[in-house]
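Order-wise, the sequence lines are chains A and B.
If you count the first sequence from 1, position 87 lands on 87 in my numbering, and the numbers rise without skipping.
If you count the second sequence from 1, position 92 lands on 92 in my numbering, and the numbers rise without skipping.
Derived from the structure by calculation, the hints contain no laboratory data.
There may be inaccurate statements among the hints.
[Unchecked claim] Straight-line distance between alpha carbons at most 30 Å, and here's what the computed DSBU-like set of lysine-lysine pairs gives:
| hint | chain 1 | residue 1 | chain 2 | residue 2 |
| --- | --- | --- | --- | --- |
| 1 | B | Lys29 | A | Lys219 |
| 2 | B | Lys29 | B | Lys84 |
| 3 | B | Lys73 | B | Lys28 |
| 4 | A | Lys219 | A | Lys169 |
| 5 | B | Lys73 | A | Lys111 |
| 6 | B | Lys73 | B | Lys84 |
| 7 | B | Lys73 | A | Lys219 |
| 8 | A | Lys169 | B | Lys48 |
| 9 | A | Lys111 | B | Lys28 |
| 10 | B | Lys48 | A | Lys171 |
| 11 | B | Lys84 | A | Lys111 |
Each chain, letter by letter, is given below.
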Amino acid sequence: MAGKKRTTRDKLPAIGKARTGISGLDEVTQGGLPQGRPTLLCGSAGCGKTLFGMTFLYNGVVQYDEPGVFIAFEERPQDLIKNVGSLNYDIDRLIAQNKLAIDHVEIERAKIAEAGDYDLEGLFIRLGFAIDSIGAKRVVIDTIETLFGVLEDESALRSELRRLFEWLKSKGVTAIITAERGEGTLTRFGLEEYVADCVILLDNRVHDQLSTRRLRIVKYRGSAHGTNEYPFLLDEQGVTVMPITSSGLAHDASTERLTSGIPDLDEMLEGQGYYRGSSILVSGSAGSGKSTMAAHFVDATCASGQRCIYFAMEESPSQIIRNMRSIGIDLQKWQDKKLLRFSARRPSLFGLETHLATMYREVADFEPAAVIVDPLSALLYAGATGDVHSMLLRLVDFLKTRCVTALFTNVGVLTGESAATEVQISSLMDTWLLLYNRESNGEHNRQLYLLKSRGMAHSNQVREFILTSDGIKLRAAYLGPEGVLTGSARLAQEAKDKAAILVREQEIERRSRELRRRRREIAAQIEMLQAQLTSEETEVALLNREGMAREDQLATDRVAMGASRLTRTTIGEPAKPVGRPRK
Amino acid sequence: MTENHGYNLRLYVAGQTPKSIAAIANLKKICEQHLPGRYEIEIIDLMKDPALAMRHQIVAIPTLIRHLPEPLKRIIGDLSDTEKVLVGLDIRPT
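With the rest of the complex left out, here is chain B (with noise of 0.2 Å):
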């Protein structure tokens, strides 16, 4: 793993719902876990602003992109496998 760069990490949910609550806490855990200081996490609820779905093609929910590092990656889902997290955020090599 030669990035070092910082992790620009953007996550829509749709309310408070149990997934989006989920999705938050676990994203929150594995980034503390295996990108201290190297992450930044912006949370977007679909709710306040629907017409941002449709901007940015999102149709599950939760949805996790990963703008940084480059390419982006889509990552749909509570995250509460962790394993699949890492491998689709090029977190760690499987």
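Excised from the complex, chain A in its bound form (with noise of 0.2 Å):
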């Protein structure tokens, strides 16, 4: 028995709490049942009063070591048994074990007859007798009330019900005391007036053809306490409740990243991923990729040997594994390392709350270090609009305070009557990625788009997004005149890009031929030039050769004649012409 540490004055002695061993409830309760006293515990037919009482006793005996008494006025011990058995609770090796005793009262109006005063005395050595034989702790009495249907002289009940609970009290035991909700009231008969310490009200209400229980703790003399409806699940495990309360926003924000499993992603996520216990948003119309975005978020946080939930609200496990399969992610594997664990519920099972409780649990239990809820929307489905949000800050709070990393997927994207509740979950979410399904030329194309992602600079740009038999890829931004293409469109514009690009080549390739030919034209036409030059020059050296022996020659001939004249005279020879003799 966990006395609770004194954190008040040290004047006040803090009062001593026991545990119930009922996850959840002891964190609302501040550390348990008021130790020593009796609680009284309340609600309608069918909600769970008497599993709450015995799992008080069985979570005594086995986590506690205090040993436990349940007078049951209403079930027989055998039925008992058997309706705790549904909880995996062995009572008949406690009670073989003499840590638990079950006293049931049998008592029928038809068969008593009343003369005279009496007292409930021999209820009290019953009692007694049960909790000194195995030096029980723990009383759960269920449901005494059914006195007042039994005896006709309710004033010596009350006031033998009031002695009772002082003398319970006197005993030191840790009680519980059920009773039937009344009218307008706590309870049928009034039993508050006299468990005044504690009250704790289960209640099972239906709201759309979908049953919720919840606990609130109506009062709790001497304590701090929650004061909401909580939530509270009651099936094999035992009862759990589900604690989490939106005020604290106290959470450690760690730096320590996690991959998204998409290496192009990440690298849009500052290139390392998310945060570890953030929370993810991916919402996209149907088939748009949000599945297999969270199934690459699996695949990753197992890869690293760290342990992962998976809620599916749509489809089996067998379902997703295969599907998955086909892009080439095995889950298979991850699943049978136990570092996997699927949760397949359909949302419309029971209510939102009753989900989360779930969740709750599962978190707990397997401690993960991500969960995926595909898709979250279907829960939204299975509450009350204005819970919706109240209730998702509860798991939201619940997972950041383990530093559990979510990734939630939600179908639709701001479209109508979506907006209103994308709106109401965005703002709890630290990274939102909109995946968006867009036709255009008569196909659908998948594109990402990075909407935020608090605490880190992440890419801005729409990216298109493709299932390849190798899992996600993410292409490159192609930035066209009209803005982002997809698909078709930007193989089109790749397509003609690169064609505007040959023409262009070819263009230049034409240019520069021509401008080769034209050069070796010129050249050619320069040496023509040339040649001619050459050629006129030749002839004018020739003749001005030519005409300088003409000259010589002339020269010569005169001389030649001068000579002749000078002998014909001298000699009185008749004078013959010199040079060239005529013929």
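Work from the hints to combine the two standalone chains into their complex.
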């Protein structure tokens, strides 16, 4: 029995508390039920009072080594044992070990006549004997009000009940007294008047044909406690209260990063991926690849040896495994290695709060590093719209406190009614990925946009992503003249660009060929002209030489002529033409 | 009243409380008056043997159980209301 530490001023003795071992309840009550005092547990029929009480005793024995006594007014011990057998409580063993005693008070009005004054000393003796025989520290009385229907003398009964509760206190046992809820009152017979230390109300409300069990601490004398209504679960694993409050924003923010499992996406997130403990919302229309995005994250998380829970709301685990195999992700092996746990439930199975309570317990039990809720939108229809935000807040808070990274998928992208929901949810999310499935040119193409990512400089680009047999691939943003292009439009634009380049290249080629030709042409011309010039020069030189030769001849002839003339004169011989002789 | 068998009566009390003492006295008086020589009274003090309270399904004190004649009858209280005791024990038809 863990007495609560003195957190208040030392002069005030802090009230001792007995832990119930009921997950969540000890947090709501800040340590358990008032130790050594009776607690009133009220609620209408079928809301789980008996199982609650039995769980309290069972946990007391198994976890805290505090034997317990169960006084049953309504059920026979064998029925009781059978009923709680559904919770895997081995009551028979505890009884055999003298750790638990069950006493069925069989009392029927028809068989009893009253003649004069009486008291309930017999009950006290039985209870006292049961407590003493096993050294019980815990007692559950279920449901003592039955006596009101049996005994005529109500005033005697009331005074005896008052005495009983005082007596229980004097015995120092931590007791739970169950009572039926009355019209407009906590209990039908006003037991809250006598048991005033702690009153817990259980409720089973049906909304939209979905029932949700809730628990509320109506009063807890001498102790602070959570005042909200908390959903709780009753199933094969016992009682779980979901104590998450939205009051605290005290969770530590981790700077550690987790890869998204898609290298290209990590690149958009500063090259490192998501923050550990952050909440990621992946929203998109049907078939836009949300689950695949989630599967990548699961795969990466498990591959790093961390655990992961996949809350599947629409598909069965085997279907998810099969589908993801088609894109090259083997989730089966992680499941086999106990790193991945699937928790598949139809959203309509129970109310939103019960779903969240289930998640709470699974997370507390499996302690994963990451959690997938696929899709979150399925849950939104399981609860009243007003509750959705607060419940999600509690879930997100709870996961953050545990530093569990959560990836939620959500169907629908900001259209009409869903927009309001999106906005409600998105404010709780740290990272919001939008997946579009845009139709253009007769085809759908997938696009991804990182709408926000708190605490990091993220990419603002719209990227096209494609599902390959090797997982998701993000393609580099292709910005055409009319914005980002995807799919065949992208291909067409790429082809167009390529053609244009080709044409340009060819033009250049043509031009340079022309140029080369011209150059050759000009060179040839130059050569020709030069040849012409040379020949002209040669001619000129020839002429020049010819002229000079003639001059020389003439000069020679003149000399010869002069000489002949001189000779004839002297000898008297007739003069003969000099030079060329005439023929 | 065709019943002629003896009455086997057990009175459960818890110590010497006024109610217990009164019940014992009242029972004896009634038996003497209405069942002279045909009754047998066993007084069981649960303070001395508390295990019997559970075994015999005793809640209220005092409790009178008629074991014989069959069927079993239970009367609670200090038996001060003689009329009710007689009805409860089927001693005199109303």
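Now for the hints, and whether the structure bears them out:
no. : hint                : in the structure
1   : B:Lys29 x A:Lys219  : violated, 52 Å
2   : B:Lys29 x B:Lys84   : holds, 14 Å
3   : B:Lys73 x B:Lys28   : holds, 17 Å
4   : A:Lys219 x A:Lys169 : holds, 18 Å
5   : B:Lys73 x A:Lys111  : holds, 7 Å
6   : B:Lys73 x B:Lys84   : holds, 12 Å
7   : B:Lys73 x A:Lys219  : violated, 43 Å
8   : A:Lys169 x B:Lys48  : holds, 23 Å
9   : A:Lys111 x B:Lys28  : holds, 22 Å
10  : B:Lys48 x A:Lys171  : holds, 19 Å
11  : B:Lys84 x A:Lys111  : holds, 14 Å
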